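Protein chains in written order, with the working numbering: chain A, 105 to 426; chain B, 105 to 426; chain C, 2 to 529; chain D, 33 to 332.
Among the clues, some could well be false.
[Said to hold, decoys possible] In silico lysine to any residue, SDA-like type, Cα no more than 20 Å apart, as pairs:
1) A:K194 - D:A273
2) D:K173 - D:A205
3) A:K248 - D:A273
Calculated directly from the structure, the hints in this document are not laboratory data.
For clarity, every value in this text was computed on a predicted model and none was experimentally measured.
Take a look at the letters that make up each chain.
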Amino acid sequence: MNSFSTSDFRRLVTDYLGMAVALAALITVFSLSTEHFFSATTFRTIANQIPSVLLISVGMTYVLVIAEIDLSVGSVLGLCSAVLGVALTKWGWPLWLALPAALGAGLASGAFNGLVSLRWRLPSFIVTLGMLEMARGGAHAVTKSQTQYIGAAIEGIAGASVFGLSLPFLLAIVIVVVAQLVLSRTVFGRYMVAVGTNEEAVRLSGIDPRPIKLAVFLITGFLVALAAIIDTSRFQSANPNAGTGFELQAIAAAVIGGTSLMGGRGSIVSTFFGVLIIAVLNSGLAAVGARDETKRLITGAVIVVAVIVDHYRHRLAKGKGT
Amino acid sequence: MNSFSTSDFRRLVTDYLGMAVALAALITVFSLSTEHFFSATTFRTIANQIPSVLLISVGMTYVLVIAEIDLSVGSVLGLCSAVLGVALTKWGWPLWLALPAALGAGLASGAFNGLVSLRWRLPSFIVTLGMLEMARGGAHAVTKSQTQYIGAAIEGIAGASVFGLSLPFLLAIVIVVVAQLVLSRTVFGRYMVAVGTNEEAVRLSGIDPRPIKLAVFLITGFLVALAAIIDTSRFQSANPNAGTGFELQAIAAAVIGGTSLMGGRGSIVSTFFGVLIIAVLNSGLAAVGARDETKRLITGAVIVVAVIVDHYRHRLAKGKGT
Amino acid sequence: MPEPASLLTISGLCKSYAGPVLSDVSFDLRSGEVHALVGENGAGKSTLSKIIAGLVRPEAGGMELRGEAYQPRDKKDAERRGVRMVMQELNLIANLTVAESIFIERLPHRFGWINRRQLHTDAQKTLQEVGLGDLDPSRQIKTLGVGQQQLVEIAAGISHRCDVLILDEPTAALTDPEIERLFAQIAKLRAAGTAIIYISHRMEEILRIADRISILRDGRMIATRAAQDITLDEIVRLMVGRELGQAIHRRGAGVPPAISVPLGNRDGLSDDGAVALRVRGLRRGSAVKDVSFEARRGEILGFAGLMGSGRTETMRALFGADRRDAGEVFLDESATPAAIHSPRDAVRHGLALLTEDRKEQGLLLPLSIRANLTLLCLRQLSRFGGWIRSAKERTEASAWAKKLSVRCHSLDQRVAELSGGNQQKVVIAKWLFRDCRILIFDEPTRGIDVGAKFEIYQLLADLADQGKAVIVVSSDLKELLALCDCIAVMSAGRIAATFRRGEWTQDKIMAAALSGYLQKQGRGGIEN
Amino acid sequence: GPKEPAPPATPGKPRVALVMKSLANEFFLTMENGARAHQKAHAADYDLIANGIKDELDVSKQVELVEQMIAQKADAIVIAPADSKALVPVCKKALQAGIIVINIDNKFDDAVLAASQSKFPFVGPDNRKGAKAVGDALAKKLKAGDQVVIIEGAPNAFNGVQRRLGFEDAVKAAGLKIVSSQSGYWETDKANQVVAALMTEHPDVKAVLCANDSMALGAVAALRAAGKLGQVLVVGYDNIAAVQQLLKKGEVLATADQHADRLAVFGIEYALEALKTKAAPADRETPVDLVTGETVSGKP
Ligand SMILES: Nc1ncnc2c1ncn2[C@@H]1O[C@H](COP(=O)(O)OP(=O)(O)OP(=O)(O)O)[C@@H](O)[C@H]1O
Ligand SMILES: Nc1ncnc2c1ncn2[C@@H]1O[C@H](COP(=O)(O)OP(=O)(O)OP(=O)(O)O)[C@@H](O)[C@H]1O
Ligand SMILES: [Mg+2]
Ligand SMILES: [Mg+2]
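This is chain A alone, in the form it adopts within the complex (with noise of 0.2 Å):
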């Protein structure tokens, strides 16, 4: 709460000048490799794109930050938007019921993988393996594998937008910012880092470490299943595939903006800058027409080179020690 030190913002620098290098030399290559990739419709496209994955990112980095993984997300972001469809057209639910309906079922989730992964000490990439097999068959087998199309009744959560930026962009940024700050700044964020980082230690200085990984799914679950309605209002439609390999691109996200797989270390605007740089390369790899082959190869490259970049920057935010 104190004012901005000079420090402060010296560490801001270190902390995102890789992750700051990488995303301008991308879109710097393609800019100059195409002709309208550089203007600000590229820009609101790319803001009105990636909320959906950057929720699911930002919940991701919770859940490595405590030392566990959560392979559940895309299935469940797929059951959200089911039930949130099924709600909405077959039985004939209002608004106001079907959006608490999903973030429930999103709710549920998560407290499955939570319980089930503290009660029996399972680990929780097992136990969400088995919840991304789970949810994606509950997702087909409430919509009978049918897209269903809901139409104007949903258009209205990512229609609405403020100086071009959608809401849910507008909110995603909000949630971003409040995520980095309880991360950082409260009990709850710190006793997240300490149980990433030494949960027996944790569990010996009296604090709980369960109630903590609860809570954890549970946001996860819940920002999963925001996700998924900012999804279904986009596409005005349910699709029981939706958020298929959204697991891996969240954890891309998160690892490219150097959180820690083993847990205790993340940070949610590095997060961030990992989702942009995945989505710029999207958009420019589409704009540029490149062959699917050689989009592969490049996004494969891109990912290990901007973790070597993250590297150097840590060098050099050590100095000479070490």
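Take the given structure of chain A and dock chains B, C and D with the ligands to it, following the hints.
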């Protein structure tokens, strides 16, 4: 090298009891619910289907034991398969040249994974995620996205059989046994466990962990290439999409078998059980002809339940302590 | 007597991390001598040792071994040249067996295939030498207590032939019998011509076994003296750079002055303090068999015993860290047992437990000193239900760091970068920060230097004076004798005897500590 | 256990195995439902085991399904192959085991069939023809020289390639200009990303041709976000329920209906016939209908 003691035997029972019980339960359920499931043909069919997944899961177990991960196995399988197919069909190479080429592709991918993550100390998750994209891109580039039909030229490898068991199956069993012995009885195996448990301590003991890690990535690349050869021979064709999703399957098999994602713990025999459980489950559900969402729900639930069963086995083995 | 030739000479060594750690250190080591290295926490002893053992590279300065230039590339290189080190921090690999850990770099094998029988017998022989003959070499490291782990590390160190052996605080977690056995081993090595660098904060040990003593202060080599030419007080004065505060040895009968307790205004209390904690019939596995005791307010209760006698397990069980098989814990003379099933319950009831293993169970190594210090009372340092007041956090944390004189250059430094003793101070401060009524300290002064020990004793005494119940488990019997009002002696998982101040003698306590094992002549050793 | 009733073991009653592609795809689910309904109506004539793979890319799973059906001693296999080459050897194996194999939906590659000296009766639509019809309907609304983009299916999916070729045929015939042709992997989300990027890069594009309707949904969302809905035309393929509203509103111009529900039924009937006559029937092309805003049915 000592004789097999009773304590060894007890360990064998307690170690694999949980898995064996889960497997037996699955077989019983399916045998009761379908007519032809419990037959030699079914088991022979399963035996001939699992070698490639088994080999990949062995590699994955090794990688997990040293506290790393390899997400690229599926894509690398696709790449090796593509190289093999294109070499045989388009380039007109003889088999004795094409096979080493495929193995070389696997080893090269493994070398890339190992060298890049070691050189810049990057998390293998991200390096192999990059490799996942790049190898798949490579597979599509080599084959121009077209499945290469090879035909009888390559049939011999998977076709040969002894007592109805295919050569690949026998090979896979030999590799499982050797891999287990290497892990538990050799210097290299103990170093793997040590590196996975506490890399820093290994370094402080005057042992360089890097060659060990590199070797493990190379072994995995080699096993994946073997799996690619087997699959290509089985399908008599090389598909650039081959192996999609194998990474999660292999990790699931290893983790169901009790291998820790945090490193330092793993058993090849348990992974074998993990592979069997998944294979029997797939086969049985197909025999029943269950609807897709039911399959997914059941698969997810079985994964979670198998690990829960294993949790209780652990408690049993440990006695009342803790 | 002519000066014996130097085996290892060091001149002008410099090393700095964020600030200078070693400045212009020169030093020489002769074959067949035990050379003690002393200094305050953070003085640079471990860093110097690591440089000699090839783990850290100096920035300036040279080393010569047997007259040749010596610049080890890494640990392996140093070992090839005959230089070995047993590290201060435990560096065993939890998932390996004891035998594998001892022989990790040279597992007996044929074409890579381990010869398990030979490994087993070799390990048994080596363990015998450090007094762990009863330990099954195929047990996993993670099932051992800290003391046993330390002995395994020592066994691994002395099982190799070498010319220079560095022992960095080998006895910090050991009790007297193990220390005696270690000294016997050291004597043997010394007779065989091995030069030994011995680091310890236990001054009486140093005077007993050292031939020469070198004193480091703030990264500078202050003096090197022959052991017979120097007194304890002088060593301490050189280490600290000033006279220690006027210690009032009110209870220090029979204890060398330098380690007696400066108890200030604290008089021996009578036993009318109210009972704060009563434990009845505590059992857990084979380590704790029917333990009952009580701790009074205003008193310091010590727990003595041999290694593996079950002290740590007792404390963990009563704290709820491990499941109890049986037993009840009563608080404040209450007749109903307190519901303590987890450390969280324990802390809520006002208990604190400082664990013996700081690295694995006490600290968040990659996090800052500040985050470690304030973890337990973040709630008090926050407002709006969880927003941390960072300014307040900073001032509070720095106050505690100062109070325990934690040597660091910033509170944002990672705890992993601190010296061993300073890490221990952080763990202690963490618990003191949270105002608990019953404090259990398991090996609180492990690795802490003489000066800081005084301060910690003073702190413990103050806490008792404030009416808290303090329990101290320690392997250092002299520490307990100086500090405690009452000492419980554990043996083979039971409390063999309890003495009040004045009733005890060192012999009586040792006899009680052994009693549990003597009854089982058949096994004749420490039960696992 | 699984809720589906296991096929009862009535001796003499033939067991027909239906092996489909991705059940995550509405098209194949409709196919499965059609088959199940047919079996219920003809319960006395045969038993049905219906299976599919998780996603179209998992070819090896489909091969394994066929192997399992051989082990299960099915009498006939009706297969919609996920790969027109890789499935040939295993189907040949089935044939050698005395099982009738009928190829539906996606035709086996002729060269491979010739090389492996096997032949399977094919029942299915001509994707290229269907796509051409959709493209032609679009071309009527455009003039020569107009820019269009194609969103392809997964790059090595046979029907994806056929549909792309069909679109290209129509585009060529009408003299339109393809400014970009990229894969959307059959997915709404991926297609959305690609179309959004292309709308910025090629602001004059007049139409988007999508190889399936899920991708058309993504394209429509991208156009809506760019404020170009109505100015840029969208066509799809498959006629899934969700696009029917869009067809009525005119947000999607046209799609093609391959009658998934009847496709498997044709195959099954073929198989039953072959079992009776012991003779291999001839290939049969099933109808593909163009669906537009005017012709769309009110089916839910
Ligand atoms: N990796 C590191 N990074 C930064 N500072 C370090 C690092 N290692 C040691 N230091 C600092 O160097 C100083 C000397 O540490 P060292 O471990 O040598 O002390 P010591 O004399 O062994 O102390 P103790 O008695 O507590 O073990 C300490 O202030 C410590 O914080
Ligand atoms: N995690 C564990 N698993 C199995 N056995 C253990 C474990 N921890 C300790 N033990 C065993 O329990 C017995 C009691 O150990 P404990 O640590 O309580 O003794 P102690 O008196 O504190 O001695 P020290 O700490 O010096 O080893 C020892 O034999 C020890 O090996
Ligand atoms: Mg030290
Ligand atoms: Mg202890």
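Given the hint that A:K248 pairs with D:A273, test it: the Cα-Cα distance must not exceed 20 Å. Holds - the C-alpha atoms of D:A273 and A:K248 are around 12 Å apart, at most 20 Å.
Quick one, are A:K194 and D:A273 close enough, alpha carbons at most 20 Å? Distance ~13 Å between A:K194 and D:A273 Cα, so the pair holds.
Check whether the Cα positions of D:K173 and D:A205 lie no farther apart than 20 Å. OK: D:K173 and D:A205 at ~14 Å, within 20 Å.
Of the numbered hints stated above, none is contradicted by the structure.
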